[in-house]
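There are 2 protein chains.
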Amino acid sequence: MVKRQLIIEKALELFAKQGFEATSVQQITEYCGISKGAFYLSFKSKEELILSLIEHSMSQFISEIDYAVNNMQNDRPLYSFFYRTFIGLLKHSNMAKLFIKDQGYSFSDELFLKIRYYDSLTDRIILEMLEKLYGEEIEATKYDLMYCIKGFIQTYSGMFLFNEAPLDVSLLSQTLVEKTDILAKHSTLSFISKDMMEVYEHPQIAKETLLEMLEQKINEIDEPIEKESLVLLKQHLIEPSLSPAIVKGLIENIRNHPHCKWLTYLLRKEILNDWPDGTAPLS
Amino acid sequence: MVKRQLIIEKALELFAKQGFEATSVQQITEYCGISKGAFYLSFKSKEELILSLIEHSMSQFISEIDYAVNNMQNDRPLYSFFYRTFIGLLKHSNMAKLFIKDQGYSFSDELFLKIRYYDSLTDRIILEMLEKLYGEEIEATKYDLMYCIKGFIQTYSGMFLFNEAPLDVSLLSQTLVEKTDILAKHSTLSFISKDMMEVYEHPQIAKETLLEMLEQKINEIDEPIEKESLVLLKQHLIEPSLSPAIVKGLIENIRNHPHCKWLTYLLRKEILNDWPDGTAPLS
DNA sequence: TATAATAATGACTAATTGGTCATTTGTCAA
DNA sequence: TTGACAAATGACCAATTAGTCATTATTATA
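Protein chains in written order, with numbering that gives the first Met the number 0: chain A, 0 to 282; chain B, 0 to 282.
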């Protein structure tokens, strides 16, 4: 659908300038030269637009980098990684600006989940690359190294994203390759252990927080099936009494409720120790 | 005033959770247990609250770090720097979260200016420290080194700020000292030159952009003095005809207009090559 | 050309926003 | 107890928001 694509592109421009919350649907439709009604023919809500937009750009961005690093016979994977990353950030600069600007994604569970998901994909790409390049010798420091690389990318991209100066991506990539290489070969201390990494990628949620969320959703939701499922899950959380199969079924009941996506994710994790595809702890 | 302090603290909590835009004055007053009117007795607007809040935390934060690095007889300034920085980030964690979340500060010229200002202060502290530590040998790579350090702080703090796991600040600081030291001693390539740094710290604004802004403000503002000053400045920008003293006076005329803060900053910079305290290009 | 089907409109709603101000409440000294 | 002054209230305002829907315009088919 052409209209949909037009809206996505124009909206991305506005979002990048002003952020999600500060950009109104009105503004978007005016900028597209269409009516408000037409917007809601393509997207059922503003949030759906935002989610599509992120899905769209992020999957493309990640796959470009993954391809550059892994699927080519490649004698300088580290250079390729940096190079493709910065080229990708420039290409998707609106999305990148948005990511820097609007980490205030707290206004939507689903959005938060999606961003976390793509972030963990990036982590994994970097880690695999490092392991392939340096092997056992960086076993102890690899997570720190990964964070340093992410730091490099963050600061340097922040520098050029909001400053349309000409950019020598090749030189930038070379200096970052050197830095990464130096760190890989000389670092002895490490701060991030494997355990820590797992905790961070999948932080424990305090039981009370979970109970609070459940309580809130119970009051918020009217559909009887979902409501009862939530009540039962809450009881089970307070005092485990149900079999895993029943719990899994109850979670399934609430899975597709638009207000329960994040809660579902947390319950799966806390009660079933189960994970969405691609976000399981690294083995 | 006690009330003012109460509002600042409570508002900071809410802002850190939800961001500036997503937090309403209503919400703040309810959370404080005061009326809406009482809020406007302490602050003339929501924006004034945000500005005070940033002023409050940032000046404290920066001075703590500056003191730790410079004003102590200190045999490990780099360690102190990292240590104090992370301790400071933890102490002001709400402000720190807000900074990560709400880089969408575009909704206020003054806010943008303030954040830029504190950012450049940090840059300078780091640079001075590096110069003192490593002297001439890092002359070519010091700006890159500074950006790496900022990257370290960004990623590592992002890791623990949203994750109230216990944190060994001392170990973290030590590993970052090692990394910084390794980079300082082995880096040969550099990406950021002195020139580039100056451009970035004080980006050139295209003349047309400035004219556009002027035009917009002229239409927007009713006060006759301010309006005429803007018109004259616009003419001078198109074809320089006024003496520096007159220009300076005209700029002074608009300086305190709430809608002209950012414009004033840019005009000073473009026409007078003058800078607010502490933001002048490094000599 | 006439009819059916789809696409697009924009006035409308209900809710929320930042901000105001006439009114009430509380606290003093006299 | 009174009166004067400051502190605090919350109903109210205009503006803006996301989202709806009866109406109109456009297109395809017969």
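You may find that some hints are simply not true.
Which copy? The list can't say, so a pair holds if one copy fits it or any two copies do.
25 Å max Cα-Cα, derived SDA-like pairs, lysine to any residue [stated by the list, open to error]:
no.: 1; residue 1: 226; residue 2: 247
no.: 2; residue 1: 90; residue 2: 54
no.: 3; residue 1: 247; residue 2: 209
no.: 4; residue 1: 35; residue 2: 191
no.: 5; residue 1: 149; residue 2: 243
no.: 6; residue 1: 193; residue 2: 167
no.: 7; residue 1: 206; residue 2: 133
no.: 8; residue 1: 206; residue 2: 13
no.: 9; residue 1: 206; residue 2: 160
no.: 10; residue 1: 247; residue 2: 137
no.: 11; residue 1: 45; residue 2: 267
no.: 12; residue 1: 226; residue 2: 189
no.: 13; residue 1: 43; residue 2: 73
no.: 14; residue 1: 45; residue 2: 181
no.: 15; residue 1: 149; residue 2: 181
no.: 16; residue 1: 131; residue 2: 86
no.: 17; residue 1: 90; residue 2: 250
no.: 18; residue 1: 206; residue 2: 194
no.: 19; residue 1: 45; residue 2: 25
no.: 20; residue 1: 16; residue 2: 47
no.: 21; residue 1: 16; residue 2: 197
no.: 22; residue 1: 206; residue 2: 158
no.: 23; residue 1: 247; residue 2: 167
no.: 24; residue 1: 16; residue 2: 154
no.: 25; residue 1: 35; residue 2: 21
no.: 26; residue 1: 149; residue 2: 85
If you are wondering where the hints come from, they were derived from the structure by calculation, not from laboratory data.
For this session: Could you figure out if residue 149 and residue 181 sit no more than 25 Å apart (CA to CA) within one copy, between two copies, both or neither?
Result: both (16 Å within a copy, 18 Å between copies)
For this session: Evaluate residue 131 and residue 86 at a C-alpha cut-off of 25 Å and name the case that applies: within, between, both or neither.
Result: within (23 Å within a copy, 36 Å between copies)
Exercise. Taking 25 Å as the upper bound on the Cα-Cα distance, should residue 206 and residue 194 be classified as within, between, both, or neither?
Worked result: within (20 Å within a copy, 53 Å between copies)
Problem set entry | 25 Å Cα threshold - placement of residue 181 relative to residue 45 | Intra 46 Å, inter 48 Å, cutoff 25 Å: neither.
For this session: State whether the alpha carbon distance between residue 16 and residue 197 is at most 25 Å within one copy, between copies, both, or neither.
Result: Classified as between: cross-chain Cα gap 24 Å, same-chain 35 Å, threshold 25 Å.
Exercise. How would you label the pair residue 149, residue 85 (within, between, both, or neither) given a Cα cut-off of 25 Å?
Worked result: both (12 Å within a copy, 18 Å between copies)
Exercise. Taking 25 Å as the upper bound on the Cα-Cα distance, should residue 35 and residue 191 be classified as within, between, both, or neither?
Worked result: Classified as neither; 49 Å inside a copy, 46 Å across copies.
Exercise. Is it within, between, both or neither when you check residue 90 against residue 54 at 25 Å Cα-Cα?
Worked result: Classified as within: same-chain Cα gap 16 Å, cross-chain 36 Å, threshold 25 Å.
Problem set entry | Alpha-carbon proximity between residue 226 and residue 189, which holds within one copy, between copies, both or neither at 25 Å | neither (47 Å within a copy, 59 Å between copies)
For this session: Evaluate residue 226 and residue 247 at a C-alpha cut-off of 25 Å and name the case that applies: within, between, both or neither.
Result: within (16 Å within a copy, 67 Å between copies)
Exercise. Is it within, between, both, or neither for residue 35 and residue 21, if the alpha carbons may be no more than 25 Å apart?
Worked result: So residue 35 and residue 21 pass the 25 Å test inside a copy (17 Å) and across (23 Å) alike.
For this session: Have a look at residue 16 and residue 154 and pick one of within, between, both or neither, based on CA distance no larger than 25 Å.
Result: Result: close both inside a copy and across copies, 19 Å intra and 24 Å inter.
Consistency note: the structure conflicts with the earlier hints numbered 4, 5, 7, 10, 11, 12, 13, 14, 17, 23.
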